[in-house]
Every structure is written in structure tokens, then in C-alpha cells.
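Student: Sequence:
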Amino acid sequence: MLLRGMCMRFLGYPLQAQQCFKEVLECEKRVTFDTFLAPHSAMELGLTYLSVNELSEARVWLDRARHDYTGYLLETIVHFRVHCAMRVIKSKLHINSSVETSPVTTPLTSPVTTPEVDSELTTTPINSRISSIFMEWSKKISNVSLNTHANRNTEYEEFLDGYQMKL
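Numbering (the working numbering), first residue to last: 1325 to 1491.
For the record, the hints were derived by calculation from the structure and aren't laboratory data.
Since the structure is predicted, the reported quantities are computational estimates derived from the model, not experimental observations.
Built from N, CA and C at the ideal position, the CB exists for glycine as well.
There's no promise every hint is true.
Computed cross-link-like contacts, EDC-like style, restricted to lysine to aspartate or glutamate with a CA-CA straight-line distance of at most 20 Å [stated by the list, open to error]:
| # | residue 1 | residue 2 |
| --- | --- | --- |
| 1 | Lys1414 | Asp1358 |
| 2 | Lys1414 | Asp1387 |
| 3 | Lys1416 | Glu1381 |
| 4 | Lys1346 | Asp1387 |
| 5 | Lys1414 | Glu1378 |
| 6 | Lys1353 | Glu1399 |
| 7 | Lys1346 | Glu1381 |
| 8 | Lys1353 | Glu1378 |
| 9 | Lys1346 | Asp1392 |
| 10 | Lys1416 | Asp1387 |
| 11 | Lys1416 | Glu1378 |
| 12 | Lys1346 | Asp1358 |
| 13 | Lys1416 | Asp1392 |
Derived DEER-like restraints, expressed as beta-carbon distance ranges [as the list claims (entries may be wrong)]:
| # | residue 1 | residue 2 | range |
| --- | --- | --- | --- |
| 14 | Arg1354 | Ser1421 | 41 to 47 Å |
| 15 | Lys1414 | Val1355 | 30 to 36 Å |
| 16 | Ser1421 | Ser1375 | 18 to 24 Å |
| 17 | Gln1340 | Gly1395 | 18 to 24 Å |
| 18 | Ser1421 | Gly1395 | 33 to 39 Å |
| 19 | Val1355 | His1403 | 32 to 38 Å |
| 20 | Lys1353 | Lys1414 | 29 to 35 Å |
| 21 | Cys1331 | Glu1352 | 19 to 25 Å |
| 22 | Asn1377 | Lys1346 | 16 to 22 Å |
With the hints as constraints, model all of the structure from the sequences given.
Tutor: Here is the structure:
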């Protein structure tokens, strides 16, 4: 059931995967030989909850996988994967809290201090600035690739110099 649950999760069926992992955990008292099944199932259940952004439930199962089981085969792998998943949860919670508290139009400081750059930075939201720079950059790159090899290096260097000034 552990392998089946992992396959279900990777195929995009998180509910069926959760059921498989919970079945393994319900039978953990009867398992005497393959003692790694329960901690691996708890970890995979936590990872499944993480994949559907149920962070609190993921944290519960990952903590259980880390702290409730000892002395089983491949214990260090479970601890390593749980540690990585907990860092992902922590970063997602940090990103969510910083997005909720900061406005989108936060002005950025610029190494170039000209009135044009300063006014653009304070009035334009960062997402539209990034997308406009990206669009302009992709147009320039496509133009550079159409030119001959001799001109390509100089135009590309001029292009990069111009963007270092904008950023």
C-alpha cells in the first residue's frame, strides 16, 4: 500500500494516496518485520498534504514521522526528507505572511539615482516593471540573434550595459 500510495500521489491523485498511507498506518501494530512502513507512510502522507498546500496537516504528519519512530531501516532518509519538507513549509509560511503584510507597490532602491529612474521605481508596481523589462529583453535578444556573428557580441554587450543601468 505504501508503494501504491506513492504512485497515486505522483499520478496526481492525492486523496487516493492519503487513503493508502492511512491504511498502512492503521495496520502498523500488526507489522513486525517491515518496521519502516509506518514512518515512511507518515512521511509520505505529510508530503502528500504538502503537495496540496495543507501545511498544518503536513506538519503534523511530518513531525509524527520524525519523532514517533526509531530504529527502523533507512531512518536517516526519512529524517532528511522530513527536514527538507519542514523547510519548505517554513518558507511557504514566511512567503504567505510577507505577501499579506507588504503592498505590491513597494518602492525599490536603485543603485542609479536619476530623476527618471527614481520616479519610475516609486510609481510602477514591481510586477509590471519586471514584466516590461522581460518583454523588452526578449525583443532585444531576438533581434541580436538575427544579426551576424560579428555584430552580435557588441550589440549584446550594449544591451546588457543598458539593463545594468535600469536595474
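Student: Now tell me, hint by hint, if it's right for this structure.
Tutor: Here is what the structure says about each hint:
no., hint, verdict
1, Lys1414 <-> Asp1358, "32 Å, violated"
2, Lys1414 <-> Asp1387, "13 Å, holds"
3, Lys1416 <-> Glu1381, "14 Å, holds"
4, Lys1346 <-> Asp1387, "16 Å, holds"
5, Lys1414 <-> Glu1378, "13 Å, holds"
6, Lys1353 <-> Glu1399, "18 Å, holds"
7, Lys1346 <-> Glu1381, "13 Å, holds"
8, Lys1353 <-> Glu1378, "27 Å, violated"
9, Lys1346 <-> Asp1392, "16 Å, holds"
10, Lys1416 <-> Asp1387, "17 Å, holds"
11, Lys1416 <-> Glu1378, "11 Å, holds"
12, Lys1346 <-> Asp1358, "16 Å, holds"
13, Lys1416 <-> Asp1392, "25 Å, violated"
14, Arg1354 <-> Ser1421: 41 to 47 Å, "43 Å, holds"
15, Lys1414 <-> Val1355: 30 to 36 Å, "32 Å, holds"
16, Ser1421 <-> Ser1375: 18 to 24 Å, "21 Å, holds"
17, Gln1340 <-> Gly1395: 18 to 24 Å, "30 Å, violated"
18, Ser1421 <-> Gly1395: 33 to 39 Å, "37 Å, holds"
19, Val1355 <-> His1403: 32 to 38 Å, "20 Å, violated"
20, Lys1353 <-> Lys1414: 29 to 35 Å, "33 Å, holds"
21, Cys1331 <-> Glu1352: 19 to 25 Å, "20 Å, holds"
22, Asn1377 <-> Lys1346: 16 to 22 Å, "19 Å, holds"
Taken one by one, the earlier hints fail for this structure at numbers 1, 8, 13, 17 and 19, listed in ascending order.
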